[in-house]
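**Q** These protein sequences, in sequence, are chains A, B, C and D.
Under our numbering, the first sequence has 290 at position 290, and the numbering climbs by one with no breaks.
Under our numbering, the second sequence has 157 at position 157, and the numbering climbs by one with no breaks.
Under our numbering, the third sequence has 102 at position 102, and the numbering climbs by one with no breaks.
Under our numbering, the fourth sequence has 201 at position 201, and the numbering climbs by one with no breaks.
Don't read these hints as lab results, they were simulated from the structure.
Mimicking DSBU-like on lysine-lysine, the simulated pairs with C-alpha atoms at most 35 Å apart in a straight line are:
no., chain 1, residue 1, chain 2, residue 2
1, A, K61, A, K171
2, A, K289, B, K58
3, A, K218, C, K146
4, A, K287, B, K30
Protein chains: 4
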Amino acid sequence: MRITTICATLALALSFTASVQAQALEPCHKSKWGPDDQAGAINNITSANVMDAVKLVKRGKAVRMGIETNSKTPAFPPRTFAVIVLTPGQEYGGSLGETKTNYNDDIINGWVGIGSQLDGLGHIGIDGVYYNCLKGRDIVTAAGLKKLGIENVPAIATRAVILDMVALTGKDPVPEGTAFNRKEIDAALQRQGNMKINKGDAVIFYTGWTKLIGKDDKRYGSVEPGLGIEGAQYLASLNVSMIGADTWGLEVLPFEDPKKIFYVHQILLPMNGIYILENVNAEEAVKDKVYEGLFTLGPSRITGGVQAIINPIFVY
Amino acid sequence: MRITTICATLALALSFTASVQAQALEPCHKSKWGPDDQAGAINNITSANVMDAVKLVKRGKAVRMGIETNSKTPAFPPRTFAVIVLTPGQEYGGSLGETKTNYNDDIINGWVGIGSQLDGLGHIGIDGVYYNCLKGRDIVTAAGLKKLGIENVPAIATRAVILDMVALTGKDPVPEGTAFNRKEIDAALQRQGNMKINKGDAVIFYTGWTKLIGKDDKRYGSVEPGLGIEGAQYLASLNVSMIGADTWGLEVLPFEDPKKIFYVHQILLPMNGIYILENVNAEEAVKDKVYEGLFTLGPSRITGGVQAIINPIFVY
Amino acid sequence: MRITTICATLALALSFTASVQAQALEPCHKSKWGPDDQAGAINNITSANVMDAVKLVKRGKAVRMGIETNSKTPAFPPRTFAVIVLTPGQEYGGSLGETKTNYNDDIINGWVGIGSQLDGLGHIGIDGVYYNCLKGRDIVTAAGLKKLGIENVPAIATRAVILDMVALTGKDPVPEGTAFNRKEIDAALQRQGNMKINKGDAVIFYTGWTKLIGKDDKRYGSVEPGLGIEGAQYLASLNVSMIGADTWGLEVLPFEDPKKIFYVHQILLPMNGIYILENVNAEEAVKDKVYEGLFTLGPSRITGGVQAIINPIFVY
Amino acid sequence: MRITTICATLALALSFTASVQAQALEPCHKSKWGPDDQAGAINNITSANVMDAVKLVKRGKAVRMGIETNSKTPAFPPRTFAVIVLTPGQEYGGSLGETKTNYNDDIINGWVGIGSQLDGLGHIGIDGVYYNCLKGRDIVTAAGLKKLGIENVPAIATRAVILDMVALTGKDPVPEGTAFNRKEIDAALQRQGNMKINKGDAVIFYTGWTKLIGKDDKRYGSVEPGLGIEGAQYLASLNVSMIGADTWGLEVLPFEDPKKIFYVHQILLPMNGIYILENVNAEEAVKDKVYEGLFTLGPSRITGGVQAIINPIFVY
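Based on the sequences and whatever the hints tell you, model everything.
**A** Following this line, the structure appears as C-alpha cells:
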C-alpha cells in the first residue's frame, strides 16, 4: 500500500475515521489562553518576568543543565539511540580545493525521549485527549504532530527556582518513592532563605538522582523521588510555566496511588499546559548555593516533534 | 564481520592504521587555551561578558532564533531528515491505569546539519586535521567523535551583535555573492549607532535569506551572501566567540576564490576555534531595531555529535 | 518517562489496558491450520508442490522479480527510505594489517514497505483483528510484532503461475481501474495454453505498471490495475499460497466499491492467510513466454517485522 | 553546509579530489568477465548448473538458511539494529472505510551487516581498491555505492554443497581457530560420499557456531572456526560462485597469520569476485544428511547497498 500522491477522491476514501464514534470522553481541559493556544503556561511569562530574572544575574556565571544523550543512557523501552559520524565524499582520502577542506557529518537514529528532554504539550493525554481539548486522533500522524508540535514552543527566558531536596532531606540521592508535595516544597523554599515561587517561574528539583546513571541503571530507571500529586496541583495553582528535575520522569515512583499512572504528568501537561523537563541537572548551581537565576531554553524546532533533547542554560 | 566484544589481542590486530604514514600535513593550529582545550573561542566569554550582556536586556523580550527542521528543509546532499511519531503500547486503543494516561513518542531519523545548526569544532578540518591539531583519524569513529564532540560545548551566554545587512545594502534578501568583509562589517556597525564588537561576542548577520526557503530552494541552497575571507580574519582578530547568519553556510557563495572551498569555515573552526551558527534568524530583533542583547545557547549534548540542531534565545 | 528495567510491580501497573472493553468486533477468521498457526496459506505447499514446480524448470534460467528500493522509489506517505554507506574506522585513511584491508558498511533508515515487498500476515487487519483472530492490541509493540512477525514465514518454493494481463488486454500498461476477477483470470489462463491454478501455487499478475516508475510517479502511486474482490475470493477458493503483481498494492484502484478500502487485502491476509507480493515483476519470464516455473522466496527474518523487502527468484 | 541543488559550477568546485595523487596502490584484480563486470563469480553459474541443481531435488523439501536479525543479535561494533512497528493514521482508534481496514507498518533503523547476510562485491577492498580495480574513492558515496551495489547481484539458483564440519571433527560447535583448508575440505567431501565441488557451486560450511548466540555472545563474536587462506585459494581455483558458513565472518579467527586481517575476505571478494554468506545455517539439511541441493537467493535490491540481510532457500 504505497501512494506517492493521492488524488483527491482517494484521499477522501483513505481518511481514517474513528471506529468508535460515540465513545464517552472525560471532560477535557480547555486552555485559559483560548482555543488556538499551543503555548500553554509559557503564556505566564511576561516581560516583567524576564526583567526580574535578569536582575538575579550577579556572578556572571552560566551553567548548562543538560546531561549527555547516547546509546548507553538508560531509557524507557523501546527507546534506543545512536549517533553515526561519517565523512561524506571523503572516503578513501580526498578533500575540497586547494584549501584541502575536510568535514565530518553526523546522523541521529534515535528516540527523542532520552537524556535531558522537554516534554511538549503533545506528549501526554487523558483517554486520547491532549492539551486544549485536542484529540489524539486529530493531531497525531506518523510524520509528526499537526498541532502541539515542539516547533511551537515560544522562546523561554524566565526565573528558575531550584529546590535542593538533597539538602532538605539530608540524603544523596533522595530515595525513590520520596514524594515532593506542598509540605516539602514549602520547607525547601523556607530552608533556602524563605524564597517564594512566582507566576511564570520554572521550578527545578535537585535530587542527586543522575548520579546513578552508569552505576545502577536499573534502580535509576525503575523508580525515582519526585513530584507528588498534591505538589503538582500546588505548583499549578502558583501558575508556574514549567517544572523539571534531575530524574527521568519528574514524578515520584512508585506512584503514590498505583492506579494513577503518570497522573502528575497529566496534571501538568494536558490539564495545565505546564511543561515538564526531565534529566535537567542543577548540581552546579546547588554547589554554588544559588537557588534562583535566569533560566533560558530554546528547544530544537523539529516540525511536529513531540519532545526535544535539551540543554537549558542557567545564568546567575 | 561482526564482533560483539573483541578480545584484547584481536582488538589490537583490528586497529586501523594509517596507510600513508609519511603524508605531509600543513602546519596545524594549536589552541591558545592549551593542548587539552576543546571549548575554543567560548573561552573568550568571561563573567564580565555575561554581566555586560545581561545589562543589555531592557524590554524583557525573549525571541527564538531557530528555524524549523523537517523533511522539506533544503539540505546539502545527501542529508535527509524525518521525524516519526508513534504511540507505543497503545496501538488499537488502550491507556494506562484508571487515569487513562496516553502518550505520543517520537523518533528522529536524520542528519543533524539541517535547519538551524551549530557547527562544532569537530566539523571542519584542514587536510584531515581539526581544531587544536587533532587528527581526524584519531578522533573520528562511526559511533561518534572521541574528542571535540558537541557534548563538550560549554554553556553559552554572551552579548550578541546583530548586523542588519538588509538595511545596510537596501536589498532584501541581500544578493548571493555579496561578501561581508571588514568594510561592510564596520559600515553596518556604524549604521547601527557606531557599535563595537567586543571580545567574546557572538556576531549574527541578518540577510533575509531564509525567506527563500520553500519559495526558491534551489537558489537558497546553491549560493548565499555571507562572510568573506578578510571579514572572517577581521572578526577572528576581534576574538569573537561565534559567528552566525540566517543562511545555510554563513560564508559567501560563490566563494571569493573558487579554489578556496569553505575557507571561511576553516579560518573560524580549526584555525581559531570560533563556532559557526547556520540558519539563525535575527529577524524579530531587527524588526525591533535591536542590535545587541543577551544571547544564550545550550546545544543538545549528544555524546560524540558533530553538530547540533539549535534554537538560540536572544533576550533584549 | 524512561525506564531501563521495569520492576515487576511497575510493569504490572504500566500494562496498557483496553479503554473500550466492550467494543463489538466482527467475527474473526480462525486459521484452518489451528490456533497456533502463523504460516497461513504457505501450509498449502506440500512436497508434491515442490517436486511439481521443480519439474517445470526446463531452460535452466533463473530471473529475479525484485525491483530496486531507494529514496526515489514512489511510496505511500509517510514512508521514506535512505541507505547510508560509510567506512568505519577508516576515515582519513587507514586500513587493517599488512593486507591493507578496507571495508564499506551500510545502514538502512527506512520504511520496509517500499519497492518489492512481502506483506506478512501481521500487515492488514479487520477492525483491529489480524489473521487467526489475533488482536492488534495483543501482538503489536513498537519494538516489533509479538506474533505474525515476518521471521515466521516458512521457506517458500512452489509453482508460480504468471498471468500476462498485458497480452490479455492488449494494453501496456493495463489501465488503472481494470479489475482482475474470475472472468479475467480464467481468460488469461486459457490464453496461456489452458493452464490451471493448483492448490499451493503463487499467482503473479503482469500488468506493465512498473514502467511508470520515474516517469509518472503520481499516476503509478495513486491508482493501478489489479485484483478485484470476486477475483480474490476465487483465488482463495483455489487455495493458492500467495498472490502478487507488478503494482504497488496488488488490488485494483480506484476500488470497485469506494467504501471497501483495501478489502482485497483483507480477503487475502486476515481472512485466508494468503500472502501478498507487491512490485514483483515477471517481465523477463513474460518476454520468454514462460508462464509457470519454480518460485522461491526467503524473506529476511527480521524479528517482529511486518513486511520484507524482497527479490523472489523464478526458475524455468 | 547544505545545498539542495548544486549548480554546475559549484558542483565542480565541490568535487572531492584525492589528497594524495601519487599514492602507490597494489596491483589490482581485474575481472575475468570484463571491465564492466559487476556480477563476479555468479558468472560461473550457467543454465547447466541450474538444471543440474534442480535434478538434486528429490524430497520436495525447502528449508530456509537465514537466522533472525534483531536488536540482540551480536554484531560487530558499532553496528546496531532496530525495527519499529507503528500504525500510521490509526493512532487513538480509527480504520479505513466500512471494511474497517487496519494496518501495521514497519521501519528499519539498522546496519545491514547483522544476522544472515550477503557480502556484496563492494564490501571488502585492498588498500582502497575493490573488485575489478574499482577505487573506493570512485564508487563510494554516503548515499550509496555508485558501482558494485547490491542491486546488481543477478538471480542466484545453483547447486549448494554443504560441508558438515561438525561431523568431520566430531565437535559441536567446531572450536574457534579451526581452519578449513584443502585437507579439511577434501576430507569433508570424501566423508559425505566422495562428493565433488563443481564450477558455479555455492559451498556452505556447517559448524554449529550459531548455537552460541544468546548463550555466549562474546565467544560467538570474537572468534570462530572457518575458512583458511589456502582453503579460500583452493575453492577459488574450483571456480565456486559463493561461500558461506554459519558464523559471523566465514573465515577462521584468530587469523592464521595475525598480520593478515580478513585476508580470506580479500581472496574471495576483490581478488576473485566470490560472494560471502555469513550466518547461513544449514542445520536442517545436515540433520537430514543431505549435502547437496538447489540453493536460491534473491538479495533485496537496495540501490547502492553494500550488503543484504538474507534468507537463502535450500531445496532438496
